[in-house]
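Chains Y and C, in that order, are what the protein sequence lines are. Letter by letter, the first sequence follows residues 1 to 301 of the working numbering. Letter by letter, the second sequence follows residues 1 to 301 of the working numbering.
Among these hints, one or two may not hold up.
If chains are identical, the list can't say which one is meant, so a pair holds when it fits in one copy or spans any two.
Stated by the list, open to error - Derived pair list, reagent style BS3-like, types lysine-lysine, alpha-carbon separation capped at 25 Å:
1. K262 with K194
2. K243 with K102
3. K94 with K52
4. K91 with K102
5. K134 with K157
6. K280 with K139
7. K157 with K27
8. K280 with K130
9. K139 with K102
10. K45 with K297
11. K52 with K203
12. K52 with K177
13. K91 with K27
14. K194 with K297
15. K27 with K49
16. K157 with K130
17. K45 with K243
Simulated from the structure, these hints should not be mistaken for laboratory data.
The residues making up each chain are set out below.
2 protein chains.
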Amino acid sequence: MNLTILGCYAATPRTFTNPTSQVLEIKNRLFLIDCGEGTQVQLRKNKVKFSKINHIFISHLHGDHFFGLVGLVSTFTLLNRTADLHIYGPKGIKEIITLQLKLSNSWTGYNLYFHELTSTESEIIFEDEKVIVKTIPLKHRVYTNGFLFQEKTGDRKLDMNAVLNYNIETCYYQKIKNGNDIEMQDGSIIPNEKLTLDPLPPKSYAFCSDTIYDESILPIIENADILYHESTFLETEAHLSEKTMHTTAKQAATIALKANVKQLIMGHYSTRYASIELFKQEAETIFPNVLLSDDGKTFEF
Amino acid sequence: MNLTILGCYAATPRTFTNPTSQVLEIKNRLFLIDCGEGTQVQLRKNKVKFSKINHIFISHLHGDHFFGLVGLVSTFTLLNRTADLHIYGPKGIKEIITLQLKLSNSWTGYNLYFHELTSTESEIIFEDEKVIVKTIPLKHRVYTNGFLFQEKTGDRKLDMNAVLNYNIETCYYQKIKNGNDIEMQDGSIIPNEKLTLDPLPPKSYAFCSDTIYDESILPIIENADILYHESTFLETEAHLSEKTMHTTAKQAATIALKANVKQLIMGHYSTRYASIELFKQEAETIFPNVLLSDDGKTFEF
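Looking at chain Y on its own, in the form it has when it is part of the complex:
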């Protein structure tokens, strides 16, 4: 699993900072999360393979989280994309994109599916054999969801020492990996757990931006391996944070602590501060494992 930050600054694109967008690679799937203006250029700069993105998740309809979407959708057509593209986001996103495609007389050359979200309860919005994605209802000035990406538990792994010890033929290996016990020629049964090892523990990534400090998300993100949580402000601007329905670094760290996540990544920084290190310093007074996102940074987990 790895995460590439295309943009992690609040409000507007600037000369050296980009609005929210990130690419999560999980079990060989490439998910785009939010798509602020300039995202397609950031994808190019970070050498992300455009064509592998089949699912785009939009947290909410503030411009710094979706103004780059229509451009990306259009560029996919110019690049002769044929694969289906799925967009998950708040109700209204379909109208925004299709109106612009209609007026520019530029329908996509591929199938475009919109999955509009309206629920205020957590729900599963994507699932295949290896990954599941759930919404994390957030509280912000407009309808907003975070997203929880979870690997599913993989197959048990063959314990090569054990199968060789028992002289089991290779034609049974897949059966064992599928979880079955094995009956030997003498009629004895060797239980599956003697022939296999536990699979790697499944990983999970929770994306939470934008939101007020809200403990009601704790049961959803509990024990996540990585939590990206917005921290637009420092505590010195707590009054602005409350007014604009954002979070301070200290509050983000408190969520990380109470949710018992392994790692906190901070982002959605206001550009008013001299250094983003200040966010880390404030958060570390509450929670030890803090990483700072920055445009162009990649995290491997």
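Mind docking chain C on chain Y? Use the hints.
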């Protein structure tokens, strides 16, 4: 009069090239022409004073000419703009922008006026005491206009040698500048043309992108000082140019020649070519005064 090219490449924003947008400063007015994705960042990089832009002209509703508009409109609000903003563009542009502002619950903090264009005849769309702007109906895959920006003829200039020769008192100077003759104490009349010099000839700038080769625009742009004309392709790709309703470098130069403009600026280049110098070389076989636009370049006239 000066022109800053924010972007002049066709189709999509790329790592090092930007879609169409330019700023024309004429008689101290700042006009933004087209607004591809990333325009607000280009405005910052080129240190253009955002707040001085009160009029935005959008040629047509292909993404590379307007996808940056909603972001700029939103950023003006974040920058606490109060001045009115006027947007001129094809019918539909109002719905595109207002739908997104509505769904993001982010109405502008300033008055936003849309002037939607539908005419296929040239019309005056802006006029004040010093500048006039007319549409140049173009032929492209969707409804498209170029724009002709013309300075108005200024006041005549006082000929200081003459007024001192005639011993005319300073209280009459404004009257003379306004074009009046002067009656002397002996009853004789000194005609205005003996006391004044011709004003500087008014300049004009014609912006034509995107369009096929179309001689019907010649009467509108005739004798313009500067013509920006798209040249998406070279003659070697004339078949693509025709198919996509664009122009080759040679065709753009032919329009410049036939319209008797003083200077041609080329742009809207396809990125398939190794060097934009090729456009200049091809155009100069037809018309001598060719300049190449490029992102970040400023022309003074």
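* To do: State whether the alpha carbon distance between K157 and K27 is at most 25 Å within one copy, between copies, both, or neither.
  => For K157 and K27, the Cα distance is within 25 Å only inside one copy (17 Å; across copies 75 Å).
* Is it within, between, both, or neither for K157 and K130, if the alpha carbons may be no more than 25 Å apart? -> within (16 Å within a copy, 79 Å between copies)
* Asked: Checking K45 and K297: alpha-carbon separation at most 25 Å within a copy, between copies, both or neither?
  -> Answer is both; intra-copy 12 Å and inter-copy 23 Å each pass.
* Have a look at K243 and K102 and pick one of within, between, both or neither, based on CA distance no larger than 25 Å. => Between copies only: 20 Å across, 38 Å inside.
* Using 25 Å as the alpha-carbon threshold, which applies to K45 and K243: within, between, both, or neither? -> Cα proximity of K45 and K243: none, with 35 Å in one copy and 31 Å across.
* Checking K52 and K177: alpha-carbon separation at most 25 Å within a copy, between copies, both or neither? -> neither (29 Å within a copy, 68 Å between copies)
* 25 Å Cα cut-off: does K91 pair with K102 within a copy, between copies, both or neither? -> Both: 18 Å inside a copy, 12 Å across copies.
* Homomeric proximity label, K280 with K130: Cα distance no greater than 25 Å -> Neither way: K280 and K130 sit 33 Å apart in one copy and 54 Å across, limit 25 Å.
* If the cutoff is 25 Å on CA atoms, where do K91 and K27 land: within, between, both or neither? Let me know, please. => So K91 and K27 fail the 25 Å test inside a copy (29 Å) and across (46 Å) alike.
* **Alpha-carbon proximity context of K52 and K203, limit 25 Å** => within (21 Å within a copy, 51 Å between copies)
* From the Cα coordinates, with 25 Å as the cut-off, is the pair K139 and K102 best called within, between, both, or neither? -> between (33 Å within a copy, 19 Å between copies)
* Should K94 paired with K52 be assigned to within, between, both, or neither, using CA atoms and 25 Å as the limit? -> within (22 Å within a copy, 34 Å between copies)
The structure fails to meet hints 1, 5, 8, 12, 13, 14 and 17 from the earlier list, while all remaining hints are met.
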